[in-house]
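Peer 1: Sequence positions in the sequence shown follow this note's numbering and run 2 to 410.
Be aware that one or more of the hints could be misleading.
What the hints assert, rightly or not - Dumping the calculated BS3-like pairs for lysine-lysine here, alpha-carbon to alpha-carbon at most 27 Å:
1. Lys92 / Lys76
2. Lys113 / Lys144
3. Lys79 / Lys111
4. Lys113 / Lys138
5. Lys91 / Lys138
6. Lys76 / Lys119
7. Lys5 / Lys17
8. Lys119 / Lys91
9. Lys119 / Lys85
10. Lys113 / Lys85
11. Lys76 / Lys53
12. Lys138 / Lys76
13. Lys91 / Lys76
14. Lys53 / Lys79
15. Lys92 / Lys79
16. Lys111 / Lys85
17. Lys19 / Lys5
18. Lys91 / Lys79
19. Lys138 / Lys79
20. Lys53 / Lys17
21. Lys119 / Lys92
22. Lys113 / Lys76
23. Lys79 / Lys113
24. Lys144 / Lys111
25. Lys79 / Lys119
26. Lys53 / Lys113
27. Lys53 / Lys119
28. Lys53 / Lys85
29. Lys113 / Lys92
30. Lys138 / Lys85
31. Lys53 / Lys91
32. Lys92 / Lys53
33. Lys5 / Lys383
34. Lys91 / Lys111
Worth flagging that the hints you see were computed from the coordinates, not collected in a lab.
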Amino acid sequence: MNNKFWIVFLHTYVTKLKSKSFFISTIITAFIVFGISQLDRIIEAFSDGGEKTIGVIDETNGWYESLQAQLQSNKEIKLVRHNKSEEQAKKLVQTEQWYAYIVLHIQHGKPKVTYYAKNIADSDVTHEIEQALQHVKIAMMAKQIGLTYDQINALYAPIAMEKVALEEHAKTEEQLNQARAIVYVLLFAMYMFVLMYGSMIMMEVATEKSSRIMEILISSISPIQQLFGKILGIALLSLTQFVIIFSVGYASMKNSDMLRQLLGMNELPLSLMIYGIVFFLLGYLLYAMLFAVLGSIVSRVEEVQQMAGPVTMLVVAAFIMAMFGLNAPESSFITAMSFVPFFAPMIMFLRIGMLHVPTWEIAFSIVLLVGTIAFLFVFGSKIYRGGVLMYNQASSWKDLKRAWQLTKK
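Using the sequences plus the hints, can you model the full thing?
Peer 2: Here it is, written out as structure tokens:
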């Protein structure tokens, strides 16, 4: 690599790094990641923290005490017995002295409950009351037929089912749940960054071409150096942003019990993270090549989205298949797709996280992926060289052939 490559590489990186769009998008994304990681604390901080008073009109002669006992441990709901008219109970709710009130009565020999509130949007309150009433109903019905509490508990106790994998290197249920969460997060990050920065490469090429700067650049630097300088420059930019966002997310997750338990941050598999980085970089290079080549045959910036459509659909298809594969990683379809270069970055990585994949399969998938990138590099650099000199008004897939022909002249 000579000085011209480094000039293009550093110019692409530094220019984008200093741009307002990069700064704003990084700040906003980091803020969103921080907000998600601290979601439990944010919800707790904005909650009113007070008890919700629920009035109870008991026409069953006995349910109120049992219901109160069931909700005794709930610090958010306070039950108050109401022996006066229902009209007065409605006024107490409308004037916000009570949060809601319920009426307990027997209809046709069966218990019936009616819940009244200013609105019924808060499903947490109604869910808690329903659960408590269900326990009360079971206790009351059991008492009528003579069942003891031990018999009731034995009747409703869940079956203890232990899952044992016979394969030697199979993962445990706990490891699978942890891997599933980690794989999902990294797949989503891969999906977002490939689309975001792949489109940026395409837009960068199309913008320079529309301003006729490309004619000057192409005469002073080889297309290969220019192509790789832009791709690697924006790759470094994406890694810079990823490191910033990941650092913010990791630091905030360390103090979040909810996400730390969800992702298993205490036992994060190093091998899985290494494979994630490898497939992330290879997937980025693969799609970056496609975006750069298509950007070179676009004449106007307005046509970028039209030409990027098919490549975007490939990324979306890979992501959808990966989401399906989270629940069926051993599917023959998922196994086959993990060797298709355009889908391998996501799907082979998914299989590695969820299963014990033979080393030869991983190596074969990586070789196919690297081979495809090498082919696109050779083919793409030729298309790129001819495409950047094309300025026809309408861009189409036929322009690939024209770009190839221009390269030979």
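Peer 1: Next, verify each hint and record whether it holds.
Peer 2: Going down the list of hints, with the structure as the test:
{"no.": "1", "hint": "Lys92 / Lys76", "in the structure": "24 Å, holds"}
{"no.": "2", "hint": "Lys113 / Lys144", "in the structure": "18 Å, holds"}
{"no.": "3", "hint": "Lys79 / Lys111", "in the structure": "26 Å, holds"}
{"no.": "4", "hint": "Lys113 / Lys138", "in the structure": "10 Å, holds"}
{"no.": "5", "hint": "Lys91 / Lys138", "in the structure": "26 Å, holds"}
{"no.": "6", "hint": "Lys76 / Lys119", "in the structure": "21 Å, holds"}
{"no.": "7", "hint": "Lys5 / Lys17", "in the structure": "18 Å, holds"}
{"no.": "8", "hint": "Lys119 / Lys91", "in the structure": "9 Å, holds"}
{"no.": "9", "hint": "Lys119 / Lys85", "in the structure": "20 Å, holds"}
{"no.": "10", "hint": "Lys113 / Lys85", "in the structure": "19 Å, holds"}
{"no.": "11", "hint": "Lys76 / Lys53", "in the structure": "9 Å, holds"}
{"no.": "12", "hint": "Lys138 / Lys76", "in the structure": "22 Å, holds"}
{"no.": "13", "hint": "Lys91 / Lys76", "in the structure": "24 Å, holds"}
{"no.": "14", "hint": "Lys53 / Lys79", "in the structure": "6 Å, holds"}
{"no.": "15", "hint": "Lys92 / Lys79", "in the structure": "18 Å, holds"}
{"no.": "16", "hint": "Lys111 / Lys85", "in the structure": "24 Å, holds"}
{"no.": "17", "hint": "Lys19 / Lys5", "in the structure": "21 Å, holds"}
{"no.": "18", "hint": "Lys91 / Lys79", "in the structure": "17 Å, holds"}
{"no.": "19", "hint": "Lys138 / Lys79", "in the structure": "20 Å, holds"}
{"no.": "20", "hint": "Lys53 / Lys17", "in the structure": "52 Å, violated"}
{"no.": "21", "hint": "Lys119 / Lys92", "in the structure": "10 Å, holds"}
{"no.": "22", "hint": "Lys113 / Lys76", "in the structure": "25 Å, holds"}
{"no.": "23", "hint": "Lys79 / Lys113", "in the structure": "21 Å, holds"}
{"no.": "24", "hint": "Lys144 / Lys111", "in the structure": "15 Å, holds"}
{"no.": "25", "hint": "Lys79 / Lys119", "in the structure": "17 Å, holds"}
{"no.": "26", "hint": "Lys53 / Lys113", "in the structure": "22 Å, holds"}
{"no.": "27", "hint": "Lys53 / Lys119", "in the structure": "13 Å, holds"}
{"no.": "28", "hint": "Lys53 / Lys85", "in the structure": "20 Å, holds"}
{"no.": "29", "hint": "Lys113 / Lys92", "in the structure": "23 Å, holds"}
{"no.": "30", "hint": "Lys138 / Lys85", "in the structure": "25 Å, holds"}
{"no.": "31", "hint": "Lys53 / Lys91", "in the structure": "15 Å, holds"}
{"no.": "32", "hint": "Lys92 / Lys53", "in the structure": "16 Å, holds"}
{"no.": "33", "hint": "Lys5 / Lys383", "in the structure": "19 Å, holds"}
{"no.": "34", "hint": "Lys91 / Lys111", "in the structure": "25 Å, holds"}
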